[in-house]
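All chains should be built: construct the whole structure from the sequences, respecting the hints.
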Amino acid sequence: MAATLALPFTGIFISILVYLIGQWLFDKTNGFFLFTPLLVGMVLGIVILMIWAKMTGSTTAAVYKTYYKPGGDIIFWFLNPATMAFAIPLYRRNDVFKKYWLDCVIALFVGGFVSLFGIHAVAKLFGLSATSTAAMMPQAATTAVAMPIAQGIGGDPAVTAMACILNAVVIYALAEFLIKVFRLKQIPKVGTGLGLGSAGHTVGSAKAVQLGSVQGAMAAVAVVIIAVAMDIVVPIYANLFLH
Amino acid sequence: MEKKQPEKKAAPILVQMGIFAAILFVSALISSLFPKSFVVPTPLIGMIILYILLATHIVKLEQVEKFGDLMISLIAFMFVPSGVQLAGSLDLMKREGLQDIIVSVLATIIILVVIAYVGALVIKIHQKLTGRVDDDEETEKGAN
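Protein chains in written order, with the numbering used here: chain A, 1 to 243; chain Y, 1 to 144.
Hints may contain errors.
To be verified - Derived lysine to aspartate or glutamate pairs resembling DMTMM-like cross-links, with alpha carbons at most 20 Å apart:
(1) Y:Lys9 to Y:Asp69
(2) Y:Lys9 to Y:Glu62
(3) A:Lys54 to Y:Asp91
(4) A:Lys124 to Y:Glu62
(5) Y:Lys8 to Y:Glu62
(6) Y:Lys9 to Y:Glu65
(7) Y:Lys60 to A:Asp95
(8) Y:Lys8 to Y:Asp91
(9) A:Lys65 to Y:Asp69
Claimed, not checked - Sample of chain A residues with no beta-carbon within 10 Å of chain Y, all distances over it, derived:
(10) Leu5
(11) Ala6
(12) Leu7
(13) Phe9
(14) Thr29
(15) Phe32
(16) Phe33
(17) Leu34
(18) Phe35
(19) Thr143
(20) Ala161
(21) Glu176
(22) Val209
(23) Tyr237
(24) Phe241
(25) Leu242
The hints are simulated quantities; they were obtained by calculation from the structure and are not laboratory data. All residues carry an ideal CB built from backbone N, CA and C; glycine is no exception.
Pasting the structure below:
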């Protein structure tokens, strides 16, 4: 029995189940921001593993490793082709990208580097440990790219994943509010699009499309270029300021 | 790389998966060449290669679009395991989970605002330097 449960079926089933529950809750509540399917799925999945651990007198970490991880890893692997597929929306907006490519690259490298100072300062302010601080750094990159970068500079990739998930939740819930408060409609559209794409990844792109086609295109561009920028800029920042 | 498909007709899904698999395979090989101190993740390289292949028309949009869109539409679900992964770091979460959450939320806002304004600044400087007036900025502003 225990050996069977350790096969990938368990993790795959739990993942799909909790996500579907999340989707159902999200629909039922007409899109209440805390019931984003991913957030619900993540919390519910952890709760299931905690209960499982309590019932079997084991630790949650052990249950996670033995029973959930084999299946979870299979789903996780598909982030490789999915992340790679972001090249497609970028290519679809190649007309806009060609026009602004230099501005985008400069803005995302410089902006990405500058925002690292901000994140570092906030992390210090709240007294995060070195592992968590390092994990916070690359979160502007999409999760599948941010996790290995975080690991490379000594961060806990699980915390990075959580940060990236929260990015999407925050942008989903607060994009309109933040755009208003920070007057993001009054600045050139390219900037707004890049900001939304970097901060909210796919969710940010969806929000940006609602603002206009230039913003949408720039957000799609940002998802790809900020990942490249983080990959280069974060290790440099970590070398200079983190250790 | 691929045999010619009739115009605009989507390539069979297995061919599309084959293109993805081939690019990821090469990306993994390239990724392994980088040192531990400078990790370049496989999907990042894959993304760049796919974009170059599309931009140079070696791979056509209809040869990757269907599978790619499917993958992107499922991406939120695929993040469930990386979220549940926290179950393995619950000690860390108990110690500073709340701080982690607050910092993540603030970091999102920092990234949004800093990059938006740096982007705006770069565009303005670029326009000053080239004397270029952006046509869609102007027309769309006029329309508002």
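Right, here's what the structure says about each hint:
Proposed proximity of Y:Lys9 and Y:Asp69 is supported: the alpha carbons are some 16 Å apart, at most 20 Å. With a C-alpha separation of about 6 Å, the suggested pairing of Y:Lys9 with Y:Glu62 holds against the 20 Å cut-off. For the given pair, A:Lys54 sits about 16 Å from Y:Asp91 by alpha-carbon distance, which is consistent with the 20 Å threshold. About 48 Å separates the Cα atoms of A:Lys124 and Y:Glu62, which puts this hinted pair outside 20 Å; it is violated.
Distance hint between Y:Lys8 and Y:Glu62 is fulfilled; the C-alpha atoms sit about 6 Å from each other, no more than 20 Å. Distance check on the hinted pair: Y:Lys9 and Y:Glu65 sit about 11 Å apart at the alpha-carbon level, within 20 Å; holds. Proximity of Y:Lys60 to A:Asp95 is assessed by CA-CA distance (about 16 Å); at most 20 Å being required, the pair is judged to hold. Our distance criterion of 20 Å between C-alpha atoms is broken by Y:Lys8 and Y:Asp91, whose separation comes to about 53 Å.
For the suggested pair A:Lys65 and Y:Asp69, the alpha carbons sit about 31 Å apart, so the restraint of at most 20 Å is broken. The claim that A:Leu5 lies off the interface holds: its Cβ sits roughly 16 Å from the closest Cβ of chain Y, which is beyond the 10 Å cut-off. Its beta-carbon lying about 15 Å from the closest one in chain Y, A:Ala6 satisfies the requirement of being farther than 10 Å from that chain. Listed as a non-interface residue, A:Leu7 keeps its Cβ farther than 10 Å from every Cβ of chain Y; the least gap is roughly 15 Å.
Distance check on A:Phe9: its Cβ is at least 14 Å (rounded) from any Cβ of chain Y, clearing the 10 Å threshold; non-interface status holds. Every C-beta of chain Y lies more than 10 Å from that of A:Thr29, the closest at about 17 Å, which supports listing it as non-interface. At roughly 16 Å from the closest C-beta of chain Y, the C-beta of A:Phe32 stays outside 10 Å, upholding its exclusion from the interface. Separation of A:Phe33 from chain Y is adequate, the least Cβ-Cβ distance of about 12 Å exceeding the 10 Å criterion.
Once the 10 Å rule is applied to beta carbons, A:Leu34 is consistent with being away from chain Y; the minimum gap is 12 Å. Interface exclusion of A:Phe35 from chain Y stands, the closest Cβ pair being 13 Å apart, more than 10 Å. Residue-level check failed: A:Thr143 sits 6 Å from the nearest beta carbon of chain Y, not beyond 10 Å. Distance check for A:Ala161 against chain Y: the nearest CB is about 4 Å away, which does not clear 10 Å, and the non-interface claim fails.
No Cβ of chain Y approaches the Cβ of A:Glu176 within 10 Å, the least distance being about 12 Å, so the stated non-interface status holds. Against chain Y, the non-interface label of A:Val209 holds: every CB pair exceeds 10 Å, the least being about 13 Å. With a least CB separation of 13 Å from chain Y, A:Tyr237 remains clear of the 10 Å interface cut-off, as annotated. Distance to chain Y confirms A:Phe241 as a non-interface residue, since its nearest Cβ pair spans about 16 Å, more than 10 Å.
Residue placement check: A:Leu242 keeps its beta carbon more than 10 Å from all beta carbons of chain Y (closest about 13 Å).
When each numbered hint is compared with the structure, violations occur for hints 4, 8, 9, 19, 20.
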